[in-house]
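There are 2 protein chains.
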Amino acid sequence: MSKRKRAIQPTREENYPEWYQSVLQAAELADHSPVRGCMVIRPWGFAIWEKMQRYLDQKFKETGHSNAYFPLFVPLHYFEKEAAHVEGFAKECAVVTHHRLEKGPEGKLVPGGPLEEPLIVRPTSEMIIGHVFAKWIDSYRDLPLLINQWCNVVRWEMRTRMFLRTTEFLWQEGHTVHATKEEAEEEAQKMLFVYRDFVQGILAIPFIAGEKSASERFPGAVNTYAIEGMMQDRKAIQGATSHFLGQNFSRACEISFQNVHGEREFGWGTSWGATTRLVGGLIMAHSDDDGLVLPPRIAPLHLVILPIAHDASKKEEVVSFAKKVCEQLSSLSFAGEKLQVSCDVRDLRGGEKNWSWIKKGIPLRLEIGMREIASGRFALHRRDRMDEPPLAYTLEELEAKIPVLLEEIQEALYQRALLFRRQNTKEIDSLEEFSQFFSGEGGFALCHWNEDPAIEAKVKEELGVTIRCIPFDKEMRGAPGRCLFTGEPSPGRVLFAKAY
Amino acid sequence: MSKRKRAIQPTREENYPEWYQSVLQAAELADHSPVRGCMVIRPWGFAIWEKMQRYLDQKFKETGHSNAYFPLFVPLHYFEKEAAHVEGFAKECAVVTHHRLEKGPEGKLVPGGPLEEPLIVRPTSEMIIGHVFAKWIDSYRDLPLLINQWCNVVRWEMRTRMFLRTTEFLWQEGHTVHATKEEAEEEAQKMLFVYRDFVQGILAIPFIAGEKSASERFPGAVNTYAIEGMMQDRKAIQGATSHFLGQNFSRACEISFQNVHGEREFGWGTSWGATTRLVGGLIMAHSDDDGLVLPPRIAPLHLVILPIAHDASKKEEVVSFAKKVCEQLSSLSFAGEKLQVSCDVRDLRGGEKNWSWIKKGIPLRLEIGMREIASGRFALHRRDRMDEPPLAYTLEELEAKIPVLLEEIQEALYQRALLFRRQNTKEIDSLEEFSQFFSGEGGFALCHWNEDPAIEAKVKEELGVTIRCIPFDKEMRGAPGRCLFTGEPSPGRVLFAKAY
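If you read the sequences in order, they're chains X and A. Numbering-wise, the first sequence is residues 1 to 500 according to the numbering used here. Numbering-wise, the second sequence is residues 1 to 500 according to the numbering used here.
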């Protein structure tokens with residue numbers, strides 16, 4: 001790679017966490033807010049989230065789910081109904097205690113109108129949705145009930161990082177009730193694979209699907225499934241989770257139904273969610289030292305046209321030509337949707353303009369100047385190959401080439417991420433190697449474990465390493481063996497990593 | 001009209017507010033929640049809101065706006081920065097004072113972790129967005145800044161009614177900053193007309209656009225514009241508002257920019273919003289004593305097919321035929337989108353099935369039984385003409401007729417609402433008539449007024465009647481005259497009504 005100066009300082013190599021913040025700033029994805037731990041999602045970041053929403057929402061509907069909306073607030077006593085659930089969420093929630101402001105003794109505004117019962121700003125909605133479901137469900141004919149909600153939730157985080165961990169975040173939460181255990185288990189897994197297909201096919205990030213160990217389960221769930229991906233600093237990110245709730249929340253919320261035999265039974269539940277954290281994962285998986293890199297299928301803009309006129313007298317001609325090309329290319333399709341093309345006519349220096357799009361991660365940039373107009377060949381720059389010379393095409397060739405190139409970029413990004421993960425995933429069978437691995441560069445370690453939560457807790461405490469999941473993939477899981485930490489029998493390998 | 005029993009009890013005539021609640025329940029649009037003043041939006045109600053969102057979002061984008069997301073919470077001291085604003089919102093807001101729950105003296109959960117500064121759950125976002133805009137804006141080149149946000153807001157309402165007035169509601173809030181006063185004023189009006197085109201063209205409800213009187217202005221605005229529609233009980237509903245903020249919030253939030261002459265100036269602002277209240281207005285404008293009536297352009301489902309097999313042995317044949325018809329009709333288009341058709345194969349009695357769709361307001365219902373299959377002619381029922389016999393068409397005719405009929409229904413609903421409003425709008429020039437009008441059936445009264453807020457307040461107190469707007473329409477406004485209440489000069493008529 002050439003030694004030219006990179007747009008992002010520091011580089012990934014120099015300081016990964018600071019590099020991440022710089023990419024966010026340079027691409028105008030997000031901003032700090034005056035509210036502790038809450039972020040502002042700027043238009044470019046929100047456009048990415050909107051595309052994620054659109055894709056997932058369609059998949060949820062195709063799999064039979066309907067959207068609905070439930071209250072932001074949960075009465076305090078609801079939380080006490082499910083013991084594990086309150087334990088998991090009580091320590092980090094926003095509590096509303098008053099319903100107005102009034103003039104205090106010093107003339108300043110102070111909270112007034114104390115509430116009889118405090119309200120919790122939802123950290124998740126199982127308890128409130130469960131209560132409502134209990135009213136809607138009476139007979140097996142009402143099942144399955146398949147509901148999804150797009151909303152904001154609040155978890156009072158002490159250490160926050162934009163997109164990855166914020167006090168308020170946006171998500172969707174699916175909540176379903178089924179007549180049988182088998183059907184609910186199937187639903188929980190089906191939705192996990194909807195997520196995995198999305199992150200792999202659209203975000204171009206390979207993810208490992210599996211089951212969480214007991215200690216990493218959602219508070220109140222019988223089983224939690226998750227997908228785990230590797231970032232460029234070799235740490236894991238949890239992409240989405242899906243929970244088989246058994247009858248726990250149905251008991252707590254009294255969701256019962258009359259079965260075909262006329263007997264009353266508690267329903268079998270699931271819940272599953274994906275959050276704005278996916279935007280953080282997307283950034284960390286593909287971006288480079290020049291800024292954001294967007295896989296074409298998630299990019300809100302596929303191609304930007306940059307009219308270049310060094311000679312002011314030619315500006316009008318160049319701009320008008322560029323606009324015509326823009327219109328022409330806008331009729332193209334990519335991945336079943338209209339190609340998104342924009343012509344940048346802002347009154348900025350060419351270099352500044354070009355770099356603003358590089359930093360925003362646009363997959364393709366097309367330069368149009370007098371020389372290009374004269375020759376009929378136009379320079380097309382790929383964002384994923386910054387150090388290669390641009391390709392030159394005629395307009396006719398461009399029309400044929402652009403959709404093909406976009407698919408090529410999508411696939412290249414996925415393959416690059418997959419290769420990186422493979423290169424940094426290891427089967428480890430000795431304690432010494434395990435400890436060396438995680439004091440060094442780290443990565444994913446597939447190791448045997450005796451399923452004892454105490455061992456898991458010790459590894460977490462000593463090395464900051466957790467079990468990310470028990471992979472479904474039989475090859476990763478491998479044959480039964482001996483626990484790395486105790487020598488006791490282990491049914492198969494599990495995935496250890498440091499994680500976001 | 002025939003004397004058959006109606007599906008909704010009580011009827012509009014008998015008790016309009018209770019009829020409204022019954023329609024909501026019968027159509028499964030919304031439900032009460034365990035949280036005071038908050039509602040649950042059920043899938044059918046949410047599907048309507050989603051369609052509203054999709055249409056408006058597209059219009060906002062076409063007019064150059066980008067979506068973004070800002071924090072749910074506003075620090076208390078932000079509210080104190082704009083005097084009118086805090087006065088308007090301080091009395092009705094949810095205040096977060098703690099960030100966790102802990103075990104209290106009696107073992108029950110109590111709020112713990114008091115915050116240094118209380119946080120307000122946003123009742124609207126001018127102050128928090130203004131603070132962020134101040135960071136983003138530095139030069140005239142950064143203007144106009146055109147941002148929209150879809151989110152939830154909370155206003156602590158004492159008397160709530162589903163969709164029309166709830167403690168938490170969903171909305172969009174546009175926030176823009178411009179370099180000149182003229183440009184900001186133009187924006188505020190432009191967005192008002194985006195709303196009016198939407199409610200008239202899609203919701204099929206005639207609305208009157210105008211300016212609010214000073215006392216009805218948004219707290220902190222220089223000017224508030226609104227659209228006002230008439231419900232079937234002759235009361236007004238405010239459909240959406242758009243505010244010209246002048247430099248008020250720019251001063252409070254220090255949003256300044258360097259103009260073309262190199263001088264620093266405060267920006268000129270607007271904000272504008274539409275809420276889930278529009279769903280309430282939609283219900284109240286068109287529905288009848290058999291339930292919801294949906295204009296086709298906002299209906300999530302245009303046509304439902306009802307297979308009818310009295311003879312169980314024929315059921316399979318009928319259902320399979322109906323499904324084929326459903327597939328065939330699904331390829332049709334209406335209003336530039338795919339026709340939404342569904343075949344109801346639920347295991348319910350025919351009457352129950354049919355009425356469930358009537359109550360949900362589906363524009364067209366198609367019955368398919370053995371007799372219809374044999375004759376090749378199918379009975380198509382219009383939701384807006386419940387007491388007329390169905391129309392009979394061949395499959396070929398159906399394909400041509402359905403889109404035409406849907407347009408016809410859309411227009412018929414608009415014309416019916418427009419006629420109703422015209423019949424119940426009166427120019428009133430005597431105090432006696434005014435008072436009689438509003439102690440009787442009421443409606444819209446166009447009257448002269450001397451622009452004195454004291455008069456306005458008195459009318460509100462004595463008759464519960466408010467000035468809905470000062471219409472833009474010159475014909476409504478009429479020639480200058482004499483104030484109905486004081487005999488003083490009046491520049492033109494204003495719109496008085498009781499309102500939701």
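Please keep in mind that the hints were generated in silico from the structure rather than gathered at the bench. It is possible that some hints are incorrect.
Identical chains share a label here; the pair holds if one copy fits it or two copies do between them.
[Claimed, not checked] In silico SDA-like cross-links for lysine to any residue, where the CA-CA straight-line distance does not exceed 25 angstroms:
1) K81 x R385
2) K103 x G64
3) K5 x T180
4) K81 x G104
5) K91 x K181
6) K61 x Q9
7) K51 x E13
8) K324 x G262
9) K338 x Y55
10) K81 x E397
11) K135 x R477
12) K181 x Q25
13) K59 x W355
14) K235 x T180
15) K51 x E87
16) K190 x F434
17) K426 x E182
18) K3 x K61
19) K108 x P17
20) K353 x R161
Note that the structure is predicted; figures quoted are calculated from it, not measured.
To see whether the hints hold, each was checked on the structure:
Taking the shortest Cα distances, K81 and R385 never come within 25 angstroms of each other, neither inside one copy (55 angstroms) nor across copies (49 angstroms). Taking the closest pair of Cα atoms, K103 and G64 never come within 25 angstroms of each other, the shortest separation being 51 angstroms inside a single copy and 41 angstroms across copies. In this assembly of identical chains, K5 and T180 lie within 25 angstroms of each other by CA distance neither inside one copy nor across copies; the values are 60 angstroms within and 40 angstroms between. When the C-alpha separation of K81 and G104 is checked against a cutoff of 25 angstroms, the pair qualifies only between copies, where the shortest distance is 16 angstroms, while the shortest distance within a copy is 37 angstroms.
In this homomeric assembly, K91 and K181 never come within 25 angstroms of each other (Cα to Cα): the closest approach is 31 angstroms inside a single copy and 49 angstroms across copies. Taking CA atoms no more than 25 angstroms apart as the test, K61 paired with Q9 passes in neither setting, with 42 angstroms inside one copy and 34 angstroms between copies. Neither within a single protomer nor between protomers do K51 and E13 lie at most 25 angstroms apart by alpha-carbon distance, with minima of 30 angstroms and 47 angstroms respectively. For the homomeric pair K324 and G262, neither the shortest alpha-carbon distance inside one copy (69 angstroms) nor that between copies (35 angstroms) is at most 25 angstroms.
For a Cα distance limit of 25 angstroms, the shortest separation of K338 from Y55 qualifies both inside one copy, at 15 angstroms, and across copies, at 18 angstroms. With identical chains, the CA atoms of K81 and E397 are never at most 25 angstroms apart, being 65 angstroms at best within one copy and 58 angstroms at best between copies. For the homomeric pair K135 and R477, neither the shortest alpha-carbon distance inside one copy (43 angstroms) nor that between copies (51 angstroms) is at most 25 angstroms. For the homomeric pair K181 and Q25, neither the shortest alpha-carbon distance inside one copy (47 angstroms) nor that between copies (31 angstroms) is at most 25 angstroms.
In this assembly of identical chains, the alpha carbons of K59 and W355 never lie at most 25 angstroms apart, being 35 angstroms within a copy and 30 angstroms across copies at closest. Taking identical chains as interchangeable, the C-alpha atoms of K235 and T180 are never at most 25 angstroms apart, the minima being 38 angstroms within one chain and 49 angstroms between chains. Taking CA atoms no more than 25 angstroms apart as the test, K51 paired with E87 passes in neither setting, with 35 angstroms inside one copy and 39 angstroms between copies. In the homo-oligomer, the alpha carbons of K190 and F434 never lie at most 25 angstroms apart, since the shortest distance is 33 angstroms inside one protomer and 64 angstroms across protomers.
In this assembly of identical chains, K426 and E182 lie within 25 angstroms of each other by CA distance neither inside one copy nor across copies; the values are 34 angstroms within and 65 angstroms between. Proximity of K3 to K61 under the C-alpha cut-off of 25 angstroms is found in neither arrangement, the shortest distances being 49 angstroms within a copy and 41 angstroms between copies. Proximity of K108 to P17 under the C-alpha cut-off of 25 angstroms is found in neither arrangement, the shortest distances being 40 angstroms within a copy and 41 angstroms between copies. Taking identical chains as interchangeable, the C-alpha atoms of K353 and R161 are never at most 25 angstroms apart, the minima being 29 angstroms within one chain and 51 angstroms between chains.
In summary, the numbered hints that this structure violates are 1, 2, 3, 5, 6, 7, 8, 10, 11, 12, 13, 14, 15, 16, 17, 18, 19, 20.
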